[in-house]
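> Those protein sequence lines, which keep their order, are chains V and H.
Residue numbers for the first sequence follow the numbering used here, so the first one is 1 and each next one is one higher.
Residue numbers for the second sequence follow the numbering used here, so the first one is 1 and each next one is one higher.
None of these hints come from the bench; they were simulated from the model.
Don't be surprised by glycine CBs; every beta carbon is placed ideally from N, CA and C.
Please note that the accuracy of each hint is not assured.
Claimed, not checked - Taking CB as the label site, the calculated pair distances span:
id : chain 1 : residue 1 : chain 2 : residue 2 : range
1  : V       : 66        : H       : 244       : 30 to 38 Å
2  : H       : 362       : V       : 59        : 26 to 34 Å
3  : H       : 334       : V       : 72        : 21 to 29 Å
4  : H       : 252       : V       : 77        : 54 to 62 Å
Said to hold, decoys possible - Rough simulated footprint, nothing fancy, chain H against chain V, three-plus residues with beta-carbon under 8 Å:
id : stretch
5  : 8-14
6  : 26-40
7  : 55-67
8  : 70-76
9  : 79-89
As the list claims (entries may be wrong) - Some but not every residue of chain H turned toward chain V, in silico, with C-beta under 8 Å:
id : residue
10 : 237
11 : 314
12 : 342
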Amino acid sequence: MEIKDIEKLAKLARIELTEDEKQAYLKEIEAILVYVDQIKEVVGKADKERKVGDLRNVMRTDEVESESGISTEVITAEFPQKQGNYLKVKKIL
Amino acid sequence: MIDLKNLTIKKAHESLIKGEYSCVELAQAYLENIKEKDGEIHAYLEVFDDVLEQAKEADKKIKDNKDVTLLTGIPIAVKDNILIKGRIASSASKILENYHATYDATVIKKLKEAGVVFLGRTNMDEFAMGGSTENSAFGVTHNPNDLERVSGGTSGGSAAAVAADMTLVALGSDTGGSIRQPSSFCGVIGLKPGYGTVSRSGLMAAASSFDQIGAIGKTLEDVRTVFDCISGTDSLDSTSRENKGVSLNENKKVKVGIPNGFVTSKGVDKDIIRNFTESVEKIKKLGCEVIEIDLEHIKYSLAAYYTLVFAEESSNMARFDGMRYGLRVDGQNGVDDYFKTKAAGFGPEVKRRIILGTYVLSSGYYDAYYNKANIVRDLIREDYSKAFEKVDIIITPTTPGPAFKIGEKINDPLQLYLEDIFTVPANLAGLPAMSIPAGFKEVNGKKLPLGLQLFAAHGGEEKLFNLAKDFENN
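Isolated chain V, as found in the complex (with noise of 0.2 Å):
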């Protein structure tokens, strides 16, 4: 692994990382790595289909079943940034 590949998963996950912060991850990620890579020491069952488990999904109707509106300002107060009962976000186009 290199710098660059560090940047390119920052860049992928959309976080900004300072240069201090690219060579340590790059030294700790590879120790990490190095250690994760065991997993790859379980042979001639890597093929092996996945089992289905005992969780089941939970399903319900997708219905609102409280009051229309109840959360509507617990929820608008938490926006960074609004207008009225909008959220404010930068042009996008």
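Position chain H relative to chain V; hints supplied.
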């Protein structure tokens, strides 16, 4: 003066009903203790300013004998990643420093109905990533047994608050040991329920297929009381699962399994091995049959665990983009807002895991890491289900060593990851697991608590309580 050291939920409940003291007086006793001790321990990120008002409400319920439960008026501390409507929930992160929860977590709803008094929110590793609370954006929690040492993590604030009598019980969450390891380090009891047993609705997701909320307390009864209150299926958690609630068969000899060769893995403190051997002898004396079991793939637990956890965590962290809530740092354009917000809002461990998760999920490495780790996870699950055909309970130490010194491991993330060796298998396989106090290691005149970990098959929380009770009583 209320004897907080020896107080249990049941004792407090009886005293409250008899009128020996009020909920307000009980809450005050804890608030005073927090004031006296938390300056040096730092278990709390916030002590709520309406504690006494909540206690007054509880007193009224008791006076009117209306909706009184065992938990009415009982003080509880809540980990900072569990939502209580209207209160700040920051996950010990700068990105959510001023975020107010917009709804109650299901566990909080249940506890409110039971009439508890919420004392405050407890410190943790940022977004539950770490194992020492050193990754909190707001400072480390010191271990009440030795202030130079960590309280463990990620629910370190909750465990330390219980250990120092700054609350009667606390809620934590456990992704790879985050309830059990701090409980072990602080000398208290922590239960990670089986996956799906307690609703995750309103718990900020770290790694969604691993996370579970659980209770931390001084006694088994206290932990059980909170567990009984918060467990149960929930339509708001799509992985909620019926828990059959199986106890140990009293008429049959209890079979306890020890994973072959696992306890003596590389890096395990010799005092941990000695203490564990003593626990095994004690369990034999209780009349249990102890047998060695083979868990073929358990040695790959940590590697598989971290691969999957990085992947899930990096996906879960993507929602903190500065758009709808939390911190927003202005950039040159909309996308640049994301880059700048995450850079300013996340601490080093969260960023590290986002990068690692992005790597193991990237198209070129997906099969080699993420898919492979899922296969290993299935194999580990199978190993456990086979083992539970032979034994009722599996035991290991909770941690490979006692609480370590603050700063000792923080600069070497891999070393810190290896601390989780004994706890992650329960989360990989979705099993219930509990840490109970099992003795001490004395270092420089300080008694550092050690924990014994018990696992059962899904639905076996009661079995853990059964054996733990016997262990504690003898």
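> Any hints this thing doesn't respect? Which numbers, in order?
none
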